[in-house]
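Given these sequences and hints, build the entire structure.
Just so you know, the sequences run in chain order A and B. So that you can map any letter, position 551 of the first sequence is 551 in this note's numbering, and since no number is skipped, the others follow by simple counting. Take any residue in the second sequence, count from 1 to its spot, add 1000: that is its number in this note's numbering.
Errors might be hidden in some of the hints.
As the list claims (entries may be wrong) - Taking lysine to any residue pairs in the SDA-like style, the calculated list, with each CA pair at most 20 angstroms apart, reads: (1) B:Lys1039 x A:Ser292; (2) A:Lys86 x A:Ala31; (3) B:Lys1213 x A:Pro173; (4) A:Lys344 x A:Ser292; (5) B:Lys1032 x A:Trp291; (6) B:Lys1213 x A:Gly478; (7) B:Lys1213 x A:Tyr279; (8) B:Lys1213 x A:Arg192; (9) A:Lys344 x B:Ile1288; (10) B:Lys1213 x A:Glu191; (11) A:Lys311 x A:Asp322; (12) A:Lys503 x A:Ile362; (13) B:Lys1032 x A:Thr285; (14) B:Lys1039 x A:Lys86; (15) B:Lys1213 x A:Tyr505; (16) A:Lys327 x A:Lys437.
To be verified - Pairwise CB distance ranges (calculated): (17) A:Glu357 x B:Leu1111: 58 to 66 angstroms; (18) B:Pro1188 x A:Glu348: 24 to 32 angstroms; (19) B:Ile1273 x A:Pro354: 27 to 35 angstroms; (20) A:Arg343 x B:Tyr1044: 25 to 33 angstroms; (21) B:Thr1046 x A:Asp325: 43 to 51 angstroms.
Hint data in this document are derived by calculation from the structure and do not stem from the laboratory. In this text, a Cβ means the ideal position worked out from N, Cα and C, and glycines have one as well.
Residue strings, one per chain:
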Amino acid sequence: MKVMGAVDLRRDKDSSVVLVSPDSFPEAIKATIPSYPHLITITAVHIDGGIELIYSFDNLRGEMRNIIVRLPEKEASIQSISSYLKGSYIYEMEVRDLFGVNFLGHPIPSARLLLPDSYPTNAPPPLLKTVSLEQLSRILDEAQRQEPPTMLTPVTGSSRYSVESLVILPFGPYHPALKEPEHFAIALEGERIVEAMPRIGYVHRGIEKLAENRTYLQVLFLVERVCGICSFHHSWTYTMAVEKLLGITPSKRAEYLRTLVAELERIHSHTLWIGLLGYWSGFDTMFMWLWSARERIMKLLEMIAGNRVNKSFITIGGVRRDVSDEKLKIILREIAEFEREFRKITDEVMSYDPLIERVRGIGSYNAETAILSGAVGPVLRAAGIPYDIRKIEPYGAYPEISFNVITGSRGDVLSIADVRVRETFESIEIIRQVIEKIPSGNPVPPTFFTGGGRDGEAIARTEPPRGELYYYIRGRTGMKTPYRVKIRTPTLPNLVLASEALKGYTLSDIPLILTMIDPCFSCEDRAIVYVGRRDPFIVKLHRTPPREISGGCTL
Amino acid sequence: MSYPLPLIPLMVLASIIAFLLLSFFFEWVERKTLARIQKRIGPYFTGPGGVLQPLVDFLKLLSKKELISEGTDILLYRLSALIGVIILAYGFLYIPFFSTDPLLSFEGDLLMIILVFILTSFSYLIAGTSVRTPFTLVGTSRLIVQYSLYELLYLSCFVIVFFQVGSPTISEIVRYQEQSMPLIIFQPLGFIVAVLSLLAKLERPPFDLPHAKQEIAAGWMSELSGRTLAFIRLSNNMDLTLSTLLIVAFFLGGGSGPMTSTTPILWPVYFLIKALAVLILLTLIEGIAVRVRSMYLPMRLALPLSSLLVVQAILVIGWRMGL
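The structure is reproduced here in structure tokens:
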């Protein structure tokens, strides 16, 4: 059976794959963008003495087109496509950092994004196959010992602003509004935001590099730790890609149980965000109420999987433990109780005028901006685009379950909040259907998967609470470890949109606008640098202070 | 009623201690009430029902290491904490908490109280300006705007009280209410304005802009730590206590109630009960508040409040002139 939701490249002789030469590449891109406006990501693979770039596009209806171009290993360079698609510049910077590919005509020609500032410029790019983990560890260790810690000295040479009227406010890396380390230099004129310059990358863990050094089963537990909130979706997407690559089919019951846990995870993530909306707008009571309601879901997850956060529920070929009928009954009962409680709270807070007035029209954007920035998930759906992987490319038990894709009418904080509230109720309905329709059988595979890979590649996409999650896996026959694992988390494209939406609003709105995308900076951890409107700010960013490095897992 | 001279220092000391304890108690009531609104438990372990928690927090902060950032004006930094606490403790001596006659009193001590509040705001201000980092800068500028708007509104309420009573002496105002009725009956609008502007003046939600943690970390308090933070927090609590007590004295008739003329011990009891009622009212507003956006601060709230106050003033003056 073909695993739903996964597209196999080349092996199926899929028509969605186009191989082009570097010379004809710009024309191919130009011809693709009008019908495939959503750039999912750029995947780079160092293989057979060259670098392969895979540009994955989607037409927002589930049809993918992958444009593949091969570059030489030494001094690889290619035309940047950021003039056609604004959101692509982040992916290009990521590839430039990790593979040393030079993008001609890139709006930010030299800035570092993902690597620490102390990473030597003459050192080899870390994700090349010729670079070992030990070598990376040594490079970083030496570089960080030599680098003196310098603190933020924000702006030099900005003739547009008189110095007196401009305050550069450091927002992060450690800030009460941000759950994770992230830095924004915010230029304020009075209380109004003139520019916002984000920088990510403080907790870059090099998971993609680590994944190439572990067996298929070990990587499952590694990718689960990419994100603390949608941890199950990461392991599920990875598993889906591996099952597609190796042709393993999980049992029906396993697919239903996976869907069950995934939807519970969506409910807890959305409840968490709606509560945080209260926190960010200075309404602590709402925050406390919603988080206490969420506790019920966390207890359910603990009952099902044994863990609250990193559930480790899924395994290649099935799930790790079955859920008994008694437990399913408890879930039904508890979810009804949760629904009553959640409906009561959201009815009250979403009709509370001071809150509505506080969030309506904040951070507004339109559908076109959202698509060009590559936005995904509730952020895109709030602008009216019904882009939901569960519907357009059904996986798990979703093909057999009826549910609606929730969309809003305009893009702003209120609309996104409304979409998330309605999606939570939709998830509750999905859970009811899953429990009603769940088939019997044994969802647990007899042994854990211990085999190796085979030649081929697979793409898997799922819809975590924050939006489309993308995994690309390349295997090699005879290798116990994956040859390449590429992860694209939803926050990265959404952040492009958020920093665009910040301009013109006031300081009081920063927490709301930055967090309307439900950012998960540590999931993506990649850095981006803001492009100025006319003459760009020259921003010296926080340097990583020297630190002791032990073991091989430093990057 | 006047006290024998040798007793006065002792009574001042006793009053100040009573005031400090009252401030800690008020903080506990506020925290506990807010916790109940938010479905939490609140202070629990220290003392019965956690009533000693604010005191323990204060003592613990005193023992913490103090970090003073580079470029701090040490004189202003130290002075700010002292001014706030001392001035407010002094202000308490003018409150008729234990009987109709406060410990210290003179003709026109209403003006004295106004001075106390202005100096307290001044102490916050110099605490904010003594350290010049981006967060304190933005926080202090918000603080200045907020205080200049709402401190004025709060104090203007007392001026209207003065219009009606005709005496700028606190004990006269309380006695006036004892003989007729609490002023809230005559000046409900003045009471509403006083309560709302009190929240703004004390930086309580929804007016906690100067230290809105989601936006500017701890705002003007970002660089405070250890002892200084302990004292600034204490002075903010004392500010809350004193302002609440003043509202009780000016609008709710102080400690007057049934049988106070025969048993004077009931006076502070009634006073405390009324103050707690005002405090719980304040906490309820805090609990359901969504922080206002900075740009709405002057227009959306100060304007309607001052209009209310003008209406109240016209009514009171009209009544005085026998219209």
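Okay, the hints, checked on the actual structure:
1. B:Lys1039 x A:Ser292: holds, 8 angstroms
2. A:Lys86 x A:Ala31: holds, 16 angstroms
3. B:Lys1213 x A:Pro173: holds, 14 angstroms
4. A:Lys344 x A:Ser292: holds, 13 angstroms
5. B:Lys1032 x A:Trp291: Within the cut-off at roughly 19 angstroms; holds.
6. B:Lys1213 x A:Gly478: Roughly 54 angstroms separates the two Cα atoms, so the pair is violated.
7. B:Lys1213 x A:Tyr279: Given that 20 angstroms is the threshold and the Cα spacing comes to 10 angstroms, the pair holds.
8. B:Lys1213 x A:Arg192: holds, 18 angstroms
9. A:Lys344 x B:Ile1288: holds, 16 angstroms
10. B:Lys1213 x A:Glu191: Cα-Cα ~16 angstroms, so holds.
11. A:Lys311 x A:Asp322: holds, 14 angstroms
12. A:Lys503 x A:Ile362: holds, 11 angstroms
13. B:Lys1032 x A:Thr285: holds, 13 angstroms
14. B:Lys1039 x A:Lys86: Since the Cα atoms of B:Lys1039 and A:Lys86 sit roughly 46 angstroms apart, the hinted pair is violated (cutoff 20 angstroms).
15. B:Lys1213 x A:Tyr505: holds, 18 angstroms
16. A:Lys327 x A:Lys437: Holds: A:Lys327 and A:Lys437 sit about 15 angstroms apart, inside 20 angstroms.
17. A:Glu357 x B:Leu1111: 58 to 66 angstroms: Cβ of A:Glu357 to Cβ of B:Leu1111: about 39 angstroms, so the range 58 to 66 angstroms is violated.
18. B:Pro1188 x A:Glu348: 24 to 32 angstroms: 28 angstroms Cβ-Cβ, so the 24 to 32 angstroms window holds.
19. B:Ile1273 x A:Pro354: 27 to 35 angstroms: holds, 30 angstroms
20. A:Arg343 x B:Tyr1044: 25 to 33 angstroms: 31 angstroms Cβ-Cβ, so the 25 to 33 angstroms window holds.
21. B:Thr1046 x A:Asp325: 43 to 51 angstroms: Roughly 47 angstroms apart at Cβ, these two residues keep to the hinted range, so it holds.
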